Amino acid sequence: MSNQPVIKLYNSLNRQKEEFVPLDPSNVRMYACGPTVYNYAHIGNARMAVVFDLWSRVLRHAYPKVTYVSNITDVEDKIMIAAKEQGVPISEITEKYTKIYNDDMATLGVNLPDIQPKATEHIGEMIDQIAALIERGHAYEAEGHVLFHVPSDPSYGALSGRSRDEQVAGARVEVAPYKRDPADFVLWKPSTEDQPGWDSPFGPNNGWGRPGWHIECSAMAEKHLGLPFDIHGGGADLKFPHHENEIAQSCCANDHADKPDSFAKYWLHNGFLTVEGEKMSKSLGNFLLAHDLVKEHPGEVLRLAFLSAHYRQPLDWSEQVLHQSQKLLDKLYGKLEELEGVEATAGDVPSSILNALYDDLNTPQVLAELNKLIKEKEGTELKSALLAIGNIMGILQESPSDWFASNEDGLTDEEVSKVEQLIAERMAAKENKNFARADEIRDELLAMNVEIKDTREGTSWEQV
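Each residue of the sequence shown is one higher than the one before, counting from 626 in this note's numbering.
It should be emphasised that the hints constitute simulated quantities derived from the structure, not laboratory data. Be careful, since some hints might not be right.
[Claimed, not checked] Cβ-Cβ distance ranges computed for the label pairs, FRET-style: (1) 1060 - 993: 51 to 57 Å; (2) 794 - 1086: 48 to 54 Å; (3) 710 - 648: 41 to 47 Å; (4) 943 - 762: 49 to 55 Å; (5) 760 - 913: 43 to 49 Å; (6) 1046 - 970: 48 to 54 Å; (7) 990 - 824: 50 to 56 Å; (8) 903 - 767: 40 to 46 Å; (9) 746 - 1046: 48 to 54 Å; (10) 862 - 829: 34 to 40 Å; (11) 648 - 1046: 56 to 62 Å; (12) 993 - 1053: 38 to 44 Å.
[Said to hold, decoys possible] Heads up, simulated PhoX-like pairs for lysine-lysine below, C-alpha to C-alpha not over 25 Å straight-line: (13) 952 - 997; (14) 956 - 1000; (15) 956 - 920; (16) 703 - 864; (17) 633 - 814; (18) 848 - 890; (19) 1055 - 1043; (20) 1078 - 956; (21) 804 - 814; (22) 1078 - 1043; (23) 848 - 884; (24) 690 - 848; (25) 884 - 642; (26) 907 - 864; (27) 1002 - 960; (28) 703 - 907; (29) 907 - 721; (30) 709 - 721; (31) 864 - 890; (32) 848 - 814; (33) 1002 - 1058; (34) 814 - 690; (35) 960 - 1000; (36) 709 - 690; (37) 890 - 633; (38) 703 - 814; (39) 743 - 890; (40) 890 - 642.
Source: prediction; values computed, not measured. Glycine residues also receive a C-beta, built at the ideal position from the N, C-alpha and C atoms.
Let the sequences and hints guide you as you build the complete structure.
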């Protein structure tokens, strides 16, 4: 393809940055692991969705067609537990949370993938793949289960780089007595009569059972993208065992046990997410849900916050990150407001922005270039550039008047009372030389778009 831009990405499979060369330049194919829909998505799920939405936008800018698949896991033990606790069929749980997930991600500017397959609609493909693995000697039946035999795959560990001992320790499940090897993992498990299940050729009672988690993505990816396909992505937490197991299943089922790239050529993983410097956990009370955040902050502010760090690096979620994102968007919308009467052309995305995106999705560089752009450009050139950048980045999708109307409304009486209470608490903290708490309160106020100024006369504040 002539004048084809060079995109570089970090391939987790080879542990290096590589030039992206699609298997078929007329149709780039990408798969990213979607949510297990038994509850609200947390912000780690949301970061993955935003990152791979941006990857799909960048690839669509460079290639004539992109097929992006991201699945819904709608059969899994956590879903079954939630359904039993609520006394409803699993479909009622999964349909509810699939809709909530898609609505919340839409608020973050995440487009629906081209295909969003559900695991329950691909049981036949999973059964066929499991049967192929048994036939080729890579899987075996034991006590109603079917397990993948890890030692049968000479390439196992290629993605994670884990040693044999690390594989066993990291398998995340206790060693069942019927396993031939401690690292073996479940492809199919039996269901009781009152549990969701499907007939299969495996085990008693017409093989009544359900798939293991890992086989689901292998079957859905092959069904909708064919093998091999270009890019497989997901969070860093999925690298082992989920993605490692996907490679093993798919390659061995298709008789390519010694070729780990015969499933997907490139593997992309976004980094972990912490909250105010700590690991996110329910016990720490910092387990943040996307569903809550979209009620508290504009979707574009959240999206930009997710993109503020390089996607492969850890992201520390904080009020300061949100404040900086709000501030930048206010500045950009302010420029568009100033240029309201200026005609925009269907301009190209500036090369400085594209170069950053094509360099392994370097979004921190994009934000630096954006700040330079609004200082150096003006008029039609600036407005056209901002709109083109907004379209590829998934921001600046509102009119300036709508943006400021929804984001600069005056504080309610209750909010004013809270501001004044926080300022009084901050003054007391400073008097007690508790400067760490004083700084925390300043950040809390900034998150409310309230800026404080300390003067000899006292502390004043204003909404920014």
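To see whether the hints hold, each was checked on the structure:
no.	hint	result
1	1060 - 993: 51 to 57 Å	31 Å, violated
2	794 - 1086: 48 to 54 Å	53 Å, holds
3	710 - 648: 41 to 47 Å	45 Å, holds
4	943 - 762: 49 to 55 Å	51 Å, holds
5	760 - 913: 43 to 49 Å	46 Å, holds
6	1046 - 970: 48 to 54 Å	50 Å, holds
7	990 - 824: 50 to 56 Å	53 Å, holds
8	903 - 767: 40 to 46 Å	41 Å, holds
9	746 - 1046: 48 to 54 Å	52 Å, holds
10	862 - 829: 34 to 40 Å	35 Å, holds
11	648 - 1046: 56 to 62 Å	60 Å, holds
12	993 - 1053: 38 to 44 Å	39 Å, holds
13	952 - 997	15 Å, holds
14	956 - 1000	11 Å, holds
15	956 - 920	22 Å, holds
16	703 - 864	20 Å, holds
17	633 - 814	41 Å, violated
18	848 - 890	17 Å, holds
19	1055 - 1043	18 Å, holds
20	1078 - 956	21 Å, holds
21	804 - 814	13 Å, holds
22	1078 - 1043	17 Å, holds
23	848 - 884	20 Å, holds
24	690 - 848	18 Å, holds
25	884 - 642	20 Å, holds
26	907 - 864	23 Å, holds
27	1002 - 960	11 Å, holds
28	703 - 907	16 Å, holds
29	907 - 721	22 Å, holds
30	709 - 721	15 Å, holds
31	864 - 890	15 Å, holds
32	848 - 814	22 Å, holds
33	1002 - 1058	46 Å, violated
34	814 - 690	38 Å, violated
35	960 - 1000	10 Å, holds
36	709 - 690	43 Å, violated
37	890 - 633	14 Å, holds
38	703 - 814	15 Å, holds
39	743 - 890	24 Å, holds
40	890 - 642	13 Å, holds
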